[in-house]
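Trainee: Line order of the protein sequences matches chains Y and S. Under this note's numbering, the first sequence has 234 at position 234, and the numbering climbs by one with no breaks. Under this note's numbering, the second sequence has 131 at position 131, and the numbering climbs by one with no breaks.
To be clear, the hints were calculated from the coordinates, so they are not data collected in a lab. Treat the hints with caution; some may be incorrect.
A pair holds if it fits inside one copy or across any two, identical chains being indistinguishable in the list.
Once the Cα atoms are required to be at most 30 angstroms apart in a straight line, the calculated DSSO-like pairs of lysine-lysine come out as [unchecked claim]:
1. Lys-103 - Lys-33
2. Lys-164 - Lys-242
3. Lys-76 - Lys-94
4. Lys-91 - Lys-118
5. Lys-118 - Lys-76
6. Lys-37 - Lys-94
7. Lys-242 - Lys-142
8. Lys-118 - Lys-5
9. Lys-76 - Lys-210
10. Lys-212 - Lys-142
11. Lys-142 - Lys-210
12. Lys-212 - Lys-118
13. Lys-5 - Lys-167
14. Lys-118 - Lys-37
15. Lys-94 - Lys-118
16. Lys-118 - Lys-33
17. Lys-91 - Lys-37
18. Lys-118 - Lys-58
19. Lys-141 - Lys-94
20. Lys-5 - Lys-58
21. Lys-5 - Lys-212
Number of protein chains: 2
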Amino acid sequence: MQRLKVQIAYDGTLFSGFQVQVNARTVQEEIEKSLMKIHQQAIRIYASGRTDSGVHAKAQVIHFDSPLDLTETNWKRALQTTLPNDISIGKVEKVSRDFHARKDARDKTYRYFIRYSKDYDVFSRNHEWHIRYPLDIEEMKKAAAQIQGTHDFTSFSASKTNVKGDKTRTIHNVDLLESDEHVVVEVTGDGFLTHMVRIIVGTLVDIGSKRKNLQCIQEAFETNDRRVLGQTAPPQGLFLWKVNY
Amino acid sequence: MQRLKVQIAYDGTLFSGFQVQVNARTVQEEIEKSLMKIHQQAIRIYASGRTDSGVHAKAQVIHFDSPLDLTETNWKRALQTTLPNDISIGKVEKVSRDFHARKDARDKTYRYFIRYSKDYDVFSRNHEWHIRYPLDIEEMKKAAAQIQGTHDFTSFSASKTNVKGDKTRTIHNVDLLESDEHVVVEVTGDGFLTHMVRIIVGTLVDIGSKRKNLQCIQEAFETNDRRVLGQTAPPQGLFLWKVNY
Numbered sequence: 001m002q003r004l005k006v007q008i009a010y011d012g013t014l015f016s017g018f019q020v021q022v023n024a025r026t027v028q029e030e031i032e033k034s035l036m037k038i039h040q041q042a043i044r045i046y047a048s049g050r051t052d053s054g055v056h057a058k059a060q061v062i063h064f065d066s067p068l069d070l071t072e073t074n075w076k077r078a079l080q081t082t083l084p085n086d087i088s089i090g091k092v093e094k095v096s097r098d099f100h101a102r103k104d105a106r107d108k109t110y111r112y113f114i115r116y117s118k119d120y121d122v123f124s125r126n127h128e129w130h131i132r133y134p135l136d137i138e139e140m141k142k143a144a145a146q147i148q149g150t151h152d153f154t155s156f157s158a159s160k161t162n163v164k165g166d167k168t169r170t171i172h173n174v175d176l177l178e179s180d181e182h183v184v185v186e187v188t189g190d191g192f193l194t195h196m197v198r199i200i201v202g203t204l205v206d207i208g209s210k211r212k213n214l215q216c217i218q219e220a221f222e223t224n225d226r227r228v229l230g231q232t233a234p235p236q237g238l239f240l241w242k243v244n245y
Numbered sequence: 001m002q003r004l005k006v007q008i009a010y011d012g013t014l015f016s017g018f019q020v021q022v023n024a025r026t027v028q029e030e031i032e033k034s035l036m037k038i039h040q041q042a043i044r045i046y047a048s049g050r051t052d053s054g055v056h057a058k059a060q061v062i063h064f065d066s067p068l069d070l071t072e073t074n075w076k077r078a079l080q081t082t083l084p085n086d087i088s089i090g091k092v093e094k095v096s097r098d099f100h101a102r103k104d105a106r107d108k109t110y111r112y113f114i115r116y117s118k119d120y121d122v123f124s125r126n127h128e129w130h131i132r133y134p135l136d137i138e139e140m141k142k143a144a145a146q147i148q149g150t151h152d153f154t155s156f157s158a159s160k161t162n163v164k165g166d167k168t169r170t171i172h173n174v175d176l177l178e179s180d181e182h183v184v185v186e187v188t189g190d191g192f193l194t195h196m197v198r199i200i201v202g203t204l205v206d207i208g209s210k211r212k213n214l215q216c217i218q219e220a221f222e223t224n225d226r227r228v229l230g231q232t233a234p235p236q237g238l239f240l241w242k243v244n245y
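Chain Y extracted, bound-state conformation (with noise of 0.2 angstroms):
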């Protein structure tokens, strides 16, 4: 048996997210299908993590083992022919048996796509945030400094989520990206809980449209009340846009 590290990038537009479930069309089926049909056997896939409805990657990364004996330019074209052309394959390594994608994940980035215009682009809106009103980038910035560091970050995540135990976190980086109509806030960290990121950009954009006030963050900080910060940002703007081994 080969163990196989493989990065995949995906349109979630037409996904149901990325773990199986019934009657829902997902990555992980889909990948999943497409072993089956090299292997004419079930192979299970491990990722870095989930992503939600409608998020995207553009290097999530999986593992799986095969008693396949192929090189990784065959494993990359073997993959890319059986998949649906929403998802594409990148890298493949050979890894040891005890690689893990998603243990030996030390952290991911995250990307979130915002456009601040009075006018709607319908070529993007399957992979971007519009706003129409407009946004104090530094009022922001400011925002995304106070989320940096190690804090318990209950407050940041779905009421429904299922993680369990200790939430804390250590963000290295909140940073904001602009250019011209465009700002995209970039993310990393350690680990991130349920719709943490979209909380979090939710959270900047009201902040940046005064809808709140930046004490906001840290009184989440120190009530872990989900309902002090912001609006939670629609999946389609979030990017899974690297994994850190």
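With chain Y's structure known, arrange chain S on it following the hints.
Mentor: For chain S alone, kept in the frame of chain Y given last:
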């Protein structure tokens, strides 16, 4: 009655082209449904021309007549809120009753987006033509120059074309705009036959990849034979970019 001239953009991915047809979702049908909601009566629209299934528009132009007395801003809002999210409304203008979106169009500009790269990009699959082989852009520019001018474009149209009569058209410009792995072919002309831009682009690509040689263009004008030209480029790279009056 007031005649309205309206710029619209649409993502052609989920449309079976512009023109109404039975059992297919079309742009015309969606706009006429929107106008039906606004008027509570059927309103017919007229476009500068059709676009094929999967082809996009950045600025298609339509006109229609309405008994309603709305400001241009309110027209824009009324249309946008009743349309699906893959059609968007640009400029709305009140025009005289003798304006006609098709008959008055002086010329049109199309842009065709090509990416040549070994790697597949899942996020642009519906909005460009991905080519895995390198292209000789200089050779393509020479071919582009030969297409410009006034010619009988019979060989540059689909055999199933429903354009009758004279097939002489004037192409003002065929320009290639390059940026690293991308090339955009911009074509401006006074009229276009069925698939004409896609046959121009497919032929340029076949010349750029040495499957066809430069001489095929002159031969096509002399023989009116579709078969001497290159492939028909796929629809998803094509955008109706601008209609000039």
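Trainee: Please go over all the hints and tell whether each is borne out by the structure.
Mentor: Hint check:
1. Lys-103 - Lys-33: within (24 angstroms within a copy, 52 angstroms between copies)
2. Lys-164 - Lys-242: within (24 angstroms within a copy, 55 angstroms between copies)
3. Lys-76 - Lys-94: within (12 angstroms within a copy, 56 angstroms between copies)
4. Lys-91 - Lys-118: Between copies only: 13 angstroms across, 39 angstroms inside.
5. Lys-118 - Lys-76: between (42 angstroms within a copy, 12 angstroms between copies)
6. Lys-37 - Lys-94: within (20 angstroms within a copy, 58 angstroms between copies)
7. Lys-242 - Lys-142: within (25 angstroms within a copy, 42 angstroms between copies)
8. Lys-118 - Lys-5: between (43 angstroms within a copy, 21 angstroms between copies)
9. Lys-76 - Lys-210: Close across copies (28 angstroms), not inside one copy (48 angstroms); limit 30 angstroms.
10. Lys-212 - Lys-142: Answer is within: at 13 angstroms inside a copy they meet the 30 angstroms cutoff, but 58 angstroms across does not.
11. Lys-142 - Lys-210: within (13 angstroms within a copy, 56 angstroms between copies)
12. Lys-212 - Lys-118: Answer is within: at 22 angstroms inside a copy they meet the 30 angstroms cutoff, but 46 angstroms across does not.
13. Lys-5 - Lys-167: Answer is within: at 28 angstroms inside a copy they meet the 30 angstroms cutoff, but 56 angstroms across does not.
14. Lys-118 - Lys-37: between (47 angstroms within a copy, 24 angstroms between copies)
15. Lys-94 - Lys-118: Between copies only: 22 angstroms across, 49 angstroms inside.
16. Lys-118 - Lys-33: between (43 angstroms within a copy, 25 angstroms between copies)
17. Lys-91 - Lys-37: within (20 angstroms within a copy, 50 angstroms between copies)
18. Lys-118 - Lys-58: both (28 angstroms within a copy, 17 angstroms between copies)
19. Lys-141 - Lys-94: neither (41 angstroms within a copy, 44 angstroms between copies)
20. Lys-5 - Lys-58: Only inside one copy: Lys-5 and Lys-58 sit 15 angstroms apart there, 41 angstroms across copies, limit 30 angstroms.
21. Lys-5 - Lys-212: neither (42 angstroms within a copy, 41 angstroms between copies)
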